[in-house]
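J.: What follows is the residue order along each chain.
Number of protein chains: 2
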Amino acid sequence: MSGRQRHEPTVEEFVEGIRGGNRHLLSRAITLVESSRPEHERLAHQILDRCLGSERTSIRVGVTGSPGAGKSTFIEALGLHLTDAGKRVAVLAIDPSSSRSKGSILGDKSRMEKLAARPEAFIRPTATSGFLGGAAPRTHETILLCEAAGYEVIIVETVGVGQSEIVVNSMVDFILLLMLPGSGDELQGIKRGIMEIADAIAINKADGDRRRIAEISKGDFESALRLLPEKHPGWERKVLLTSALEGAGIGEVWENIEAFAAAMRRSGEWREQRREQLRHLLHAIAEERLKREFYNAPAVKAAKAQVEQQVVVGSLSPFTGALKLLEAFRGK
Amino acid sequence: MSGRQRHEPTVEEFVEGIRGGNRHLLSRAITLVESSRPEHERLAHQILDRCLGSERTSIRVGVTGSPGAGKSTFIEALGLHLTDAGKRVAVLAIDPSSSRSKGSILGDKSRMEKLAARPEAFIRPTATSGFLGGAAPRTHETILLCEAAGYEVIIVETVGVGQSEIVVNSMVDFILLLMLPGSGDELQGIKRGIMEIADAIAINKADGDRRRIAEISKGDFESALRLLPEKHPGWERKVLLTSALEGAGIGEVWENIEAFAAAMRRSGEWREQRREQLRHLLHAIAEERLKREFYNAPAVKAAKAQVEQQVVVGSLSPFTGALKLLEAFRGK
Chain A
1 MSGRQRHEPT VEEFVEGIRG GNRHLLSRAI TLVESSRPEH ERLAHQILDR CLGSERTSIR
61 VGVTGSPGAG KSTFIEALGL HLTDAGKRVA VLAIDPSSSR SKGSILGDKS RMEKLAARPE
121 AFIRPTATSG FLGGAAPRTH ETILLCEAAG YEVIIVETVG VGQSEIVVNS MVDFILLLML
181 PGSGDELQGI KRGIMEIADA IAINKADGDR RRIAEISKGD FESALRLLPE KHPGWERKVL
241 LTSALEGAGI GEVWENIEAF AAAMRRSGEW REQRREQLRH LLHAIAEERL KREFYNAPAV
301 KAAKAQVEQQ VVVGSLSPFT GALKLLEAFR GK
Chain B
1 MSGRQRHEPT VEEFVEGIRG GNRHLLSRAI TLVESSRPEH ERLAHQILDR CLGSERTSIR
61 VGVTGSPGAG KSTFIEALGL HLTDAGKRVA VLAIDPSSSR SKGSILGDKS RMEKLAARPE
121 AFIRPTATSG FLGGAAPRTH ETILLCEAAG YEVIIVETVG VGQSEIVVNS MVDFILLLML
181 PGSGDELQGI KRGIMEIADA IAINKADGDR RRIAEISKGD FESALRLLPE KHPGWERKVL
241 LTSALEGAGI GEVWENIEAF AAAMRRSGEW REQRREQLRH LLHAIAEERL KREFYNAPAV
301 KAAKAQVEQQ VVVGSLSPFT GALKLLEAFR GK
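Sequence lines, in order, name chains A and B. Residue 1 is where the first sequence starts when you use UniProt numbering, and the numbers rise one by one after that. Residue 1 is where the second sequence starts when you use UniProt numbering, and the numbers rise one by one after that.
Some hints here could point you the wrong way.
No copy labels: a pair is met if it fits in one copy or bridges any two.
Listed next, the in silico DSSO-like pairs over lysine-lysine satisfying Cα-Cα at most 27 Å (straight line) [stated by the list, open to error]:
(1) K87 - K114
(2) K291 - K324
(3) K231 - K218
(4) K324 - K301
(5) K291 - K87
Calculated from the structure, these hints are not laboratory results. Nothing here was measured: the structure is a model prediction, and the numbers come from that model.
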């Protein structure tokens, strides 16, 4: 077909490779998913179409927290705990780069080298430059590919800046909020919206001198959680103490996640949430394509320059201008 | 016309009233702008169409900062400073309510009572429940109405959570970031994306014991700003010390804003930025209406339930499902 490059595997080769655990083909498929080129998108969707509906079960865990909360170290510790138990783990990092400098907020983050060395682990950072102001990254599609490749736990890392958490909430099963012992009031203030979407809070770096402060913080967070509206009826959000450095509390976090999965599966909410997420993805894709068709329509392209010019000089209002563009799209 | 309620003023009455400084009609027009009812939107756009293109000049200032930075008190002090100088000031507050509880992050915020009592001031809070995850508020349109009503300085207050700053950056001339003396490293980490869109930083509450810490913070922020990419070539971003409580530094902030306006007007960037903002508004409105037309199209409505059902049970992928919805929209 047009658009396929030489040596590019066929859809069948991609699908077979991914299902067979071929990490190289999985990586290449994710690159296609993240590409903005229409021919890549077409191929990506053909692959995704065939990868969906596998019977494999997975748990998707979102891990969020502000820079400095130790997310990378925590995720590596959790990943090692799980691979030790024989589970296959994929780690996806959403890294919302600053919209102006295109630089990473995280800076020189840990690369999870120990976990990366494990054959049961797959680690994929996702650069999402301009995400705050622009398009969402393709994390949901990447999750689907990793599940088709047989990864049983998908960990999605986000920086706690608000918007990315809301997005992640629409694609994972469980959200863990990492906090630091004794974080100041201001930081907590900014975190309130994020606290509300957490299914558990882990106070990380609860080691050495910080252990006692962490225990006080635990009580504070437990009180705060009680004041927030329920996220899932019948699920009591816990505050756990962890030290990724010492490996303490990691097992308890995983037990909490498994208890959550069991409770949600019993109540039927698990299936309901996954269904709602697919519905969300359906609409997100439809809206994105709609917008693209709009701006690519010859009539809109033809009208756009003149309408923009009239709007910016003030001879046409943006409201009337928008109507003109829509009329052009409808072919009137 | 259909959709107009009894006793609703005509478009002409609205426009004359707004231009004549009638605060009641201005408020009613903003309510129309914020309404999601199509007949209100139609009327609002007719009013806005007629209000645009006035020759009045204005300065639009965005004020951002985390909860606790003293934004309300600062804005009231700045507003009083300006009304004392005979200027007419409008204050619009974007309050991104939490997406789950619909509750305000700010809680019981100061109501700017002194400023509200001034006949030269107009204060309008904007509830934007679900903004983080949903539609943008109508702040840009509200700014245009306030300008038609003769307000010379428009102050837009936002909470420093990331997304709302990016939105505000697309509608104001100048962004002031309020910080606290000696704010911790973590908070600064989260603020980096927001620091990049600031045209000046004010370290607020620089009074009493905090004065000395504030002076150290000033140096830190100045260094940090030098590391960030330029926002406007030829404009050196300043770090100022203010105490809204004592009224200190407020005049200096305003002088800085006026110096910015003068420099940008000289270089032509002022006009360019305003034009770019109108272009942005044009596209935002067009995209929103496009989306609405899509979901309201009878063929899409007819196909939607079945496509959604097939997607959530896994018999159709979201990618193919989206294509089916788009085909329905195109009438295929």
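J.: Need the list of violated hint numbers for this structure, in ascending order.
T.: Hint 5 contradicted; others consistent.
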